[in-house]
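Novice: For reference, the chains in residue letters:
2 protein chains.
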Amino acid sequence: MNDPHQRQPASKPQANQRQQALSQFQSFPQPQQPAQQDLHQRLQRNPYQRNLVNQPQSFIPDIQDAVMPPASAVPKQLNFITGNKNKLAEVQAILDGVIELRNKNIDLVEIQGTVEEVVTDKCRRAAEAVNGPVLVEDTCLCFRAMNDLPGPYIKWFMLSLGPLQLHKMLDGFEDKTTQAVCTFAYSEGPDHEPVLFQGKTEGKLVASRGSTVFGWDSCFEYEGKTYAEMEKSEKNKISHRGKALEKLQEWLASRVDG
Amino acid sequence: MNDPHQRQPASKPQANQRQQALSQFQSFPQPQQPAQQDLHQRLQRNPYQRNLVNQPQSFIPDIQDAVMPPASAVPKQLNFITGNKNKLAEVQAILDGVIELRNKNIDLVEIQGTVEEVVTDKCRRAAEAVNGPVLVEDTCLCFRAMNDLPGPYIKWFMLSLGPLQLHKMLDGFEDKTTQAVCTFAYSEGPDHEPVLFQGKTEGKLVASRGSTVFGWDSCFEYEGKTYAEMEKSEKNKISHRGKALEKLQEWLASRVDG
Numbered sequence: 711m712n713d714p715h716q717r718q719p720a721s722k723p724q725a726n727q728r729q730q731a732l733s734q735f736q737s738f739p740q741p742q743q744p745a746q747q748d749l750h751q752r753l754q755r756n757p758y759q760r761n762l763v764n765q766p767q768s769f770i771p772d773i774q775d776a777v778m779p780p781a782s783a784v785p786k787q788l789n790f791i792t793g794n795k796n797k798l799a800e801v802q803a804i805l806d807g808v809i810e811l812r813n814k815n816i817d818l819v820e821i822q823g824t825v826e827e828v829v830t831d832k833c834r835r836a837a838e839a840v841n842g843p844v845l846v847e848d849t850c851l852c853f854r855a856m857n858d859l860p861g862p863y864i865k866w867f868m869l870s871l872g873p874l875q876l877h878k879m880l881d882g883f884e885d886k887t888t889q890a891v892c893t894f895a896y897s898e899g900p901d902h903e904p905v906l907f908q909g910k911t912e913g914k915l916v917a918s919r920g921s922t923v924f925g926w927d928s929c930f931e932y933e934g935k936t937y938a939e940m941e942k943s944e945k946n947k948i949s950h951r952g953k954a955l956e957k958l959q960e961w962l963a964s965r966v967d968g
Numbered sequence: 711m712n713d714p715h716q717r718q719p720a721s722k723p724q725a726n727q728r729q730q731a732l733s734q735f736q737s738f739p740q741p742q743q744p745a746q747q748d749l750h751q752r753l754q755r756n757p758y759q760r761n762l763v764n765q766p767q768s769f770i771p772d773i774q775d776a777v778m779p780p781a782s783a784v785p786k787q788l789n790f791i792t793g794n795k796n797k798l799a800e801v802q803a804i805l806d807g808v809i810e811l812r813n814k815n816i817d818l819v820e821i822q823g824t825v826e827e828v829v830t831d832k833c834r835r836a837a838e839a840v841n842g843p844v845l846v847e848d849t850c851l852c853f854r855a856m857n858d859l860p861g862p863y864i865k866w867f868m869l870s871l872g873p874l875q876l877h878k879m880l881d882g883f884e885d886k887t888t889q890a891v892c893t894f895a896y897s898e899g900p901d902h903e904p905v906l907f908q909g910k911t912e913g914k915l916v917a918s919r920g921s922t923v924f925g926w927d928s929c930f931e932y933e934g935k936t937y938a939e940m941e942k943s944e945k946n947k948i949s950h951r952g953k954a955l956e957k958l959q960e961w962l963a964s965r966v967d968g
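As given, the protein sequences belong to chains A and B, one line each in that order. Numbered continuously in this note's numbering, the first sequence closes out at residue 968. Numbered continuously in this note's numbering, the second sequence closes out at residue 968.
Worth flagging that the hints you see were computed from the coordinates, not collected in a lab. All values reported here derive from a predicted model rather than from experimental measurement. All clues stand as given, with none of them false.
Since the list gives no way to pick out one identical chain from another, each pair is judged satisfied if it fits inside one copy or across any two copies.
Pairs of lysine-lysine residues, derived as DSSO-like cross-links and limited to a Cα-Cα distance of at most 27 Å, are as follows:
#1 Lys886 / Lys914
#2 Lys797 / Lys814
#3 Lys786 / Lys797
#4 Lys878 / Lys914
#5 Lys935 / Lys947
#6 Lys797 / Lys957
#7 Lys797 / Lys910
#8 Lys797 / Lys942
#9 Lys797 / Lys947
#10 Lys935 / Lys957
Can you build the whole structure from these sequences, using the hints too?
Specialist: Structure (structure tokens):
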């Protein structure tokens, strides 16, 4: 298996910090509030319509086009839209030396759809809201037996069932194959198409084994171990988020101004 | 059990047509296309941002406020936003003699959230899109064992699993209790708060029995029979949609101009 660290540009990054960062980040953190209350509060704080004046006509770009790099370089500073400080710290540490990541907590309502549609939409609105370059992220858990559902709705099922019950969703199905998908979207600003960076890891949904601190880590088994049973550095080499961040990191490193 | 027909205003409706109409309408019709293709096409046709210029600042109304009637009367003609001709015919027939229902097929993207949030948001954007009074509808299936999920996401699970497999979602859970929820939202126009009309029926999720033509009718059991095993008139007296339409009908009848 390739070590993602081998593939990063050798000049700019500070290798020790990067190594440390990769061993720190975790998969999808579990939301802290009940779903209904949380969403209602978010809607009151950030009705998404406010930021949607003067949207360009083309809404969802073709995904193939979207992953093409834009012509211009990315700025040295970038807003990462997240209300989750752990996630911010993880991504910040990974991208250290490549780009300065700042936190903006504008917790946007999400649409229903594929993960690409959800994250592209969120990125567009985030770029409108901050009127500048932004980075957003979304994590899916896709059960093959359910034709890739719950997908982007996994957060609601995690809130409802928790890591100890999640595997019961597949009790009635023989096929336990599950794909973890992490998708980052970057936009230069309100008038630019989001660019997507996606990492996928295929495993199995299992009864919880290991620490239940980090979302569904204890229910997702890859080659005999759950994420929660792996050393962090081991997990981060094969995880959906590790793969997505590696793509993002390389792309940013090759395009940062100056 | 109350017969909903007893509670409708006696003056305006044409009783035979209403009775016939009530016996014709069906529950949640099954979507015809695969989820991903369908949503992508919908997004290309109707990016929701286009209709969101000049939204009022208050986004999601308090649900308690929302169900209060607005001060002014409703118009005699009303746009029902649906791409489903069966659903249109059902609702049109029920409301015949109360209001003239016209079809507008502006198939809007939906947000993630509670059904009240989803349908309120859809109603606001529909009112913007047609620049006038609108009626929209959303149907949920809420498993108690999953803290009311899939809820508004049931359409994606139905598309993925179909009526013959849907019950497998609860194979791992003892509690099969399931609530069917139908929610209509009416708005006078772009500057008016949506008004909600909701009907709920509690039953059980079961292995499919009866015709599989209409969505999850064959998987939802109420007092020993699935919806699909009931006579239409029997079902419509106790169904989630029957209850919601009864509330809507009474409210409209008491407020129609002239």
